[in-house]
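Q: Below, each chain spelled out in residue letters.
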Amino acid sequence: MAPENPQKKSGWPGSGLAKGLAVTLRTMTKRSVTEQYPEVQPELAPRTRGVIGLFEENCTVCMLCARECPDWCIYIDSHKETVPPAAPGGRERSRNVLDRFAIDFSLCMYCGICIEVCPFDALFWSPEFEYAETDIHNLTHERDKLREWMWTVPEPPALDPAAEEPKEIAAARKAADKLAAQEAAERQAAEEAAREAAPGNAQEQEGRA
Amino acid sequence: MSDALDIALRLIAVFVAFLVFPLVIGQTEHKVMAHMQGRLGPMYAGGFHGWAQLVADGVKFAQKEDVVPAGADRRIFQLAPAVALLPYLLVLIAIPIGPHNAVGQSLDAGIFFVLAVMGVGVLGSLMAGWASANKFSLLGGLRTAAQLLAYELPMLLAAASVAMAAGTLSLPGILDAFHWWWVPWQIVGGLVFFTAGLAELQRPPFDMPVADSEIIFGAYTEYTGLRFALFLLAEYAGIVVLCALTSVLFLGGWHGPFGADGLGWLWTLLKTAILAFGVIWLRVSYPRLREDQLQKLAWTVLIPLALAQIALTGVVKVVIS
Numbered sequence: 001m002a003p004e005n006p007q008k009k010s011g012w013p014g015s016g017l018a019k020g021l022a023v024t025l026r027t028m029t030k031r032s033v034t035e036q037y038p039e040v041q042p043e044l045a046p047r048t049r050g051v052i053g054l055f056e057e058n059c060t061v062c063m064l065c066a067r068e069c070p071d072w073c074i075y076i077d078s079h080k081e082t083v084p085p086a087a088p089g090g091r092e093r094s095r096n097v098l099d100r101f102a103i104d105f106s107l108c109m110y111c112g113i114c115i116e117v118c119p120f121d122a123l124f125w126s127p128e129f130e131y132a133e134t135d136i137h138n139l140t141h142e143r144d145k146l147r148e149w150m151w152t153v154p155e156p157p158a159l160d161p162a163a164e165e166p167k168e169i170a171a172a173r174k175a176a177d178k179l180a181a182q183e184a185a186e187r188q189a190a191e192e193a194a195r196e197a198a199p200g201n202a203q204e205q206e207g208r209a
Numbered sequence: 001m002s003d004a005l006d007i008a009l010r011l012i013a014v015f016v017a018f019l020v021f022p023l024v025i026g027q028t029e030h031k032v033m034a035h036m037q038g039r040l041g042p043m044y045a046g047g048f049h050g051w052a053q054l055v056a057d058g059v060k061f062a063q064k065e066d067v068v069p070a071g072a073d074r075r076i077f078q079l080a081p082a083v084a085l086l087p088y089l090l091v092l093i094a095i096p097i098g099p100h101n102a103v104g105q106s107l108d109a110g111i112f113f114v115l116a117v118m119g120v121g122v123l124g125s126l127m128a129g130w131a132s133a134n135k136f137s138l139l140g141g142l143r144t145a146a147q148l149l150a151y152e153l154p155m156l157l158a159a160a161s162v163a164m165a166a167g168t169l170s171l172p173g174i175l176d177a178f179h180w181w182w183v184p185w186q187i188v189g190g191l192v193f194f195t196a197g198l199a200e201l202q203r204p205p206f207d208m209p210v211a212d213s214e215i216i217f218g219a220y221t222e223y224t225g226l227r228f229a230l231f232l233l234a235e236y237a238g239i240v241v242l243c244a245l246t247s248v249l250f251l252g253g254w255h256g257p258f259g260a261d262g263l264g265w266l267w268t269l270l271k272t273a274i275l276a277f278g279v280i281w282l283r284v285s286y287p288r289l290r291e292d293q294l295q296k297l298a299w300t301v302l303i304p305l306a307l308a309q310i311a312l313t314g315v316v317k318v319v320i321s
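Sequence lines, in order, name chains A and B.
Going by the numbering used here, 56 is the number at position 56 of the first sequence; the sequence numbering is gapless.
Going by the numbering used here, 288 is the number at position 288 of the second sequence; the sequence numbering is gapless.
For the record, the hints were derived by calculation from the structure and aren't laboratory data.
You can trust all of the hints, since none of them are fake.
With beta-carbon atoms standing in for the labels, derived distance ranges:
no., chain 1, residue 1, chain 2, residue 2, range
1, B, 100, A, 42, 56 to 66 Å
2, B, 46, A, 60, 54 to 64 Å
3, B, 225, A, 110, 38 to 48 Å
4, B, 304, A, 20, 18 to 28 Å
5, B, 292, A, 136, 50 to 60 Å
6, A, 41, B, 46, 16 to 26 Å
C-beta: ideal position from N, C-alpha, C; glycine also.
Could you build the full structure based on these sequences and the hints that come with them?
A: Following this line, the structure appears as structure tokens:
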């Protein structure tokens, strides 16, 4: 027998047994936390890492994602096309065209590095998670499937109340303000020019009246 | 002719109760235990909150192969589940559930019959343990035997106290003699009886003989299919019998509190159900007692308490008569 802890002796005899019963009874009266998944969809956190969606319109085949992927699960094939010169006599431009973009989700470890490194915002986390397959080979999902998952990507969370304006919006606003100021200055200049030319007209009108 | 019909009806009623109540308690255990552990329990079988889970379990057990180990004592091995289960059916015949002779068969030596036959049920585990030719089964069987020896005595003594108080061995007779103040008078005996009964059924926290984490499943290790299911059924039938007996002997059976006897047999069922809930509750709350703690509890606590109860009963009986 272990020496008895003096603190443990507190309470009337059998109080420990009663406490045990109380714990189970209290648990019984509480709602259980069991997820009833197939019947009830789980409530996922907004940034759930379910699957990776590809917004292929943004992809420039820079291959950064494929190179940064720690387990080499991204497959990208592409070819180059030439675009005719914009102005006559100019040089032809070459452009990358995406032929294949596939992610092997049997290898993917959902680290999200590809999404972090993509400089053109072509990869996104989607909370979609029900894409189990009966064969491991079928877990390599091609661009059409990855594009479909883009529709399930939630919109980015709202900014904090006093947050700085996002860069792209700030830049756009700056450009718009500049344009507006320029237009206003032009209009003012035009009005002044009109007023300077006007006095004769005004007197003419008064004379008619 | 009407006598034969009467007997047949009573037997059918007892048999139906024997088939239904253990399943109801088993399903209640599924759900109560789950919620006490913060789970939901069965939710699929039968559609509504898994009400048909035990039916599904029964079908599963019936489909399984009935294996008898090569080294087993074949006849004894196959007979053991019946020996474990049938005594509870016989006991159920003698338990009165309502006034006016609402009992399968009224016996003059009711307590004697009931306790003797309940003791036979434990023999099923002993037979299974011995006949299985398996060391875990043998360990389980021997633990069952040790537990039977230790706990049968306090159970008998506590029941004897009630028989002394009522002056009769007949269960309906005891209920006829019942007064409300018997409950506080016999409360210690009641607790001893209930605890010893739990131990005899090998219910947690007294489930050392089937301790699955150390000796697999004790005496039932080698059993499969329907025979295994019969052992499980015997456990739940045992709960029904123990709770019904405790409510008849110590809680006044069909007598309601404050003289409200009108509900009759519903009182018996209600008290039995509450006690059965207690059995489940104890299972969820307490860890298993060690083998030496089991023996210590029986010989140094329960038996002295039961003897003290008998002494108290005797003194009060002499004083009031």
